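**Q** Read in order, the letters of the sequence shown correspond to residues 1 to 986 in the UniProt record's numbering.
Be aware that one or more of the hints could be misleading.
Restricting the straight-line Cα-Cα distance to at most 30 Å, the calculated cross-link-like pairs of lysine-lysine (DSSO-like) are [to be verified]:
hint, residue 1, residue 2
1, K658, K614
2, K322, K235
3, K231, K322
4, K933, K873
Keep in mind the hints are simulated off the structure, nothing from the lab. Note that the coordinates shown come from a computational prediction; the quantities given were computed from them, not determined experimentally.
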Amino acid sequence: MSKTDHRPEMQTPQRPLQRIDRVCDAFETQCLNGEKPSIDDFIREVPPQEQSQLFYELLRLDFEYACKRGNTPDREFYLARYPDHQDAIDKVFFNSGELSRIQDQRRSSGTSSTEIEETLNFSASGDTFHLTEPVQSQTASIEGYEIIDEIARGGMGIVYKARQIDANRVVALKMILSGTLAGESEVARFKIEAESAASLNHPGIVPIYDVGESQGMHYFSMGFIDGPSLKGYQKNHSPGPKRAAEIVKAVADAISHAHSKGIIHRDLKPANILIDEDGNPRVTDFGLSKILEGQTDLTGTGQLLGTPAYMSPEQAAGQTSKVGPLSDVYSLGAMLYELVSGRTPFESESIIGMLEQVCSKNPDSLRSLSPTADTDIESICMKCLEKEPAHRYQSAAALADDLGRYLDGSPIIARRTPRTQKLIRWCRRKPLIAGLAACSLVTFLIFGSTTAYFAVSSSANNSIAIVEREKNDTNFAIAQNAVDQMVDQARLLEDIPRTETQRKEFLVNATDFYEGFLEQRPDDPELQHQAAVLHRSMGDIFRLLGEVDPAHQAYDQSIKLLRQLVMSQPDDVRHKEQLRESHLWLSVLLKPVEVESAIGAIDRAFNIQNALSKSAPGQTNNQYGLARVLYNRGLLLSERGDVESAEKDYQRAERGFKNVLLDLDAAKQRECRLYLSHTLNNFGMLLKMTQRCEEAKVKVQNAIELLADISESRKERRELAIYFNNLSNIYASTGEVDEAITINQESIDLLERLVQDYPRYPDLKNSLANALNSHGSLAGRGGQLPKAAEFFGKAEVVFQQLLDDYPGNVIYSNRLGNSKYNHAVVSYMQATHDAAITQLNEALTLHRYAFDSNPNNVEFAGNLRNDYSLLVKSQLAIGQLSEMQRTIDQCLDTFPDDAAIRVQAAKWLASGIKMLRGQDDKNSSASNRLVEKFGQQAVSLLDSAREQEHMPSIFDGDEVAVAFEPLADRSDFQQLIAELRSESQP
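Modelling step: build the complete structure from the supplied sequences, incorporating the hints.
**A** What follows is the structure, encoded as structure tokens:
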């Protein structure tokens with residue numbers, strides 16, 4: 001907001017991420033300018049509760065730029081200076097272990113989804129759920145080019161200075177920022193930029209030399225301009241009106257050439273203008289360009305494109321259909337205004353405030369800001385900045401011509417805005433004052449009847465009300481459009497690594513604004529609907545971040561709003577469909593935490609969809625929706641162990657997907673095929689669980705055949721590999737180990753190719769590690785212990801890489817523990833017990849971390865039990881009885897209320913007694929004391945276990961189990977046996 005404008009403005013409250021970003025931007029700006037800023041000077045610019053996160057971000061920047069300057073950061077220096085931030089320091093230095101990788105480029109981020117997959121442990125098998133995780137960055141490497149240095153990053157691309165080897169010339173090499181991660185729309189937009197710029201041949205436009213793809217990374221090379229951008233130029237120069245006119249005229253000439261080829265730039269700003277060594281401006285970055293004829297617009301309806309400070313009102317309002325060559329003319333005017341005055345036409349601390357000004361406020365007089373500005377340059381600027389495109393220069397060429405006249409000292413075409421037009425605009429901006437003025441005019445001009453006076457007055461008041469209402473509606477629409485952009489930004493980040501936090505911040509902000517809109521318009525059902533959908537989107541992100549409580553709250557709020565809408569507008573099926581989705585995703589959240597609550601949520605989703613289906617029984621969307629709900633309910637019922645009900649849901653879901661498959665459009669057909677393949681796969685795993693392995697083979701094989709026809713994308717190819725792995729496990733369960741190994745190898749081959757094609761995707765590495773783990777299990781079953789150890793070792797390497805990249809990830813921690821446990825099984829079977837103990841202690845640390853995060857997770861608990869059991873056996877095998885005692889105590893402390901663990905611990909202690917009695921010094925006092933200690937503890941454990949309802953029997957038929965024979969000579973054990981037998985008598 002300008003200093004001369006005191007009207008109230010919508011302000012966006014700055015949130016933690018915004019504040020931290022602002023400070024980091026300022027810190028990085030100093031780094032880019034060659035300065036060496038101190039963290040101490042920036043850390044206090046945020047509240048104390050945000051300083052830890054800010055310190056981490058600033059340290060990452062400080063570390064990176066130190067590397068770029070050729071310095072090796074000193075960890076001890078940071079520890080001494082910032083002792084309260086040791087965790088952040090360790091994390092930065094740990095994650096940045098490969099300094100060359102940091103020097104090349106900063107890590108980027110991504111999203112996740114929930115999948116079903118089976119992991120076959122060597123000792124046991126079981127179905128496990130896992131979350132795919134965001135991906136890591138990779139160093140740029142393009143065949144035919146030698147990377148020299150990073151130049152810049154933009155919203156979509158990264159630009160390197162490079163040498164084109166064949167042509168032996170220095171070029172600017174631009175690639176999609178997300179590299180091999182790029183989605184189809186991102187690649188399409190990138191190609192449009194390359195094709196657009198390549199079709200242009202003008203000295204004011206940076207030329208394109210080469211367009212291509214290397215190792216899945218899309219790139220193009222262009223002329224290297226050894227000079228600053230116009231933005232950088234402005235920092236060191238204060239161009240007067242004449243120099244500003246020269247620069248903008250040259251840019252306008254270049255843009256006129258682009259327009260003549262049917263290309264609009266749509267993102268003209270100082271950062272996209274490079275100043276060459278001769279001082280001439282060169283236009284670059286056609287990343288948002290649009291082909292005027294024959295090119296589909298890649299943006300969605302209402303999507304805002306460009307940079308707010310330089311975008312035209314039609315862009316700010318999200319009216320993409322109205323964006324044309326005259327939008328570029330507006331941007332040229334905004335740059336001219338800034339070059340002359342030193343500031344952009346509008347300024348605001350919030351995006352919404354900026355957009356509202358662009359759409360409804362006139363810029364301050366150029367001459368009021370710059371003493372060197374004259375009337376003509378001001379007139380040219382203001383004509384470019386007209387709100388209505390029809391009032392601007394009608395082409396970039398016309399603007400260039402008028403700037404030429406200005407430079408020549410000839411009369412310009414631009415004229416000041418007529419007083420009448422100014423009055424009309426002023427009335428629109430100040431309707432209340434204008435109305436009062438209108439009443440005064442009427443008073444002066446009354447010569448007719450009183451009736452006539454009141455007629456005019458009434459008309460004026462009505463006009464005022466209409467103008468005010470239109471203005472409010474326009475401002476509201478602008479604000480709502482800006483909020484929609486936050487949501488769009490969150491969606492665009494879904495396929496970018498490590499951006500869950502940013503996505504969450506966007507959605508939190510957007511939801512807060514929608515809540516504010518609802519307070520202004522509480523009876524607006526469309527706003528309520530949008531707010532409900534946003535709450536669910538927030539729930540999805542919190543769920544992927546593992547934040548269960550906030551996710552639950554977000555889903556609950558979504559459900560609350562949608563229920564109100566269903567009650568007030570029962571005929572609008574959209575509300576019911578969204579309510580179904582919110583209940584469905586709530587069930588996904590609750591599944592690993594509380595299965596019964598999850599089933600309650602999916603049942604509510606089923607009831608909603610069932611009612612929709614009954615109201616329109618033949619409607620394809622309803623059949624499809626019902627099949628999706630049934631599939632998800634089948635997963636939950638299977639998790640609960642209700643095999644019969646789960647099978648029925650899978651059968652109905654399978655029929656439902658097959659019935660609607662051919663009635664859907666192409667995009668929906670592909671999605672439906674995926675759901676059907678998921679259903680067949682999981683149905684097959686359910687059949688395997690019930691020992692119906694031949695039927696299970698058919699189901700999973702059908703899933704493979706169905707997906708093989710469409711397995712083109714990364715996700716489809718990955719899931720095909722998972723199905724092969726699952727089919728392999730089914731064959732293994734029937735004893736067909738050789739066939740299982742062959743099928744498993746197909747899974748590994750698929751996944752290794754995928755990891756090679758998409759090296760930054762952790763979900764692919766995760767699946768590969770699982771397949772390697774399964775291969776090791778199969779080799780172990782076949783007696784090939786060295787091969788088993790080899791594959792378990794390979795799985796460990798991959799899981800360790802994932803855990804290094806994502807410290808604290810529970811799923812990766814658990815699965816790395818599985819691989820180490822399996823490796824320990826091989827070591828134990830090979831009688832290398834020391835190695836087994838080392839591997840088991842590492843597995844215990846990893847599995848305990850997972851267990852502590854969710855003690856109710858059956859898999860996590862089972863893994864810990866297996867670790868303790870094998871560790872005790874390994875310690876017993878080499879006579880480490882004191883260590884065995886400590887392991888038993890740890891196990892009992894971990895599962896204090898588990899009767900089975902108490903009985904098992906008693907067996908372990910009895911085994912220890914047996915070993916002691918078999919030793920040469922079995923009659924030594926130390927040995928006897930240990931025998932007595934083990935005996936007392938074993939009997940005490942059995943006695944406490946019998947007080948619990950589900951105590952495992954210590955009898956084998958009528959006799960005491962062999963494992964307890966070492967206790968047989970103890971009187972307390974004999975008394976316990978007598979009491980147990982007495983209690984069992986009728």
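**Q** Indicate, hint by hint, whether the structure satisfies it.
**A** Hints, verified against the model:
At most 30 Å may separate the alpha-carbon atoms for a hinted pair to count; K658 and K614 meet this at roughly 19 Å. Restraint check for K322 and K235: not satisfied, since their Cα atoms lie roughly 34 Å apart, outside the 30 Å limit. With a CA separation close to 28 Å, the supplied pair K231 and K322 stays within the 30 Å bound. Taking the CA atoms of K933 and K873, the gap is near 19 Å; set against the 30 Å cutoff, the hint holds.
The structure shown violates just one earlier hint, number 2.
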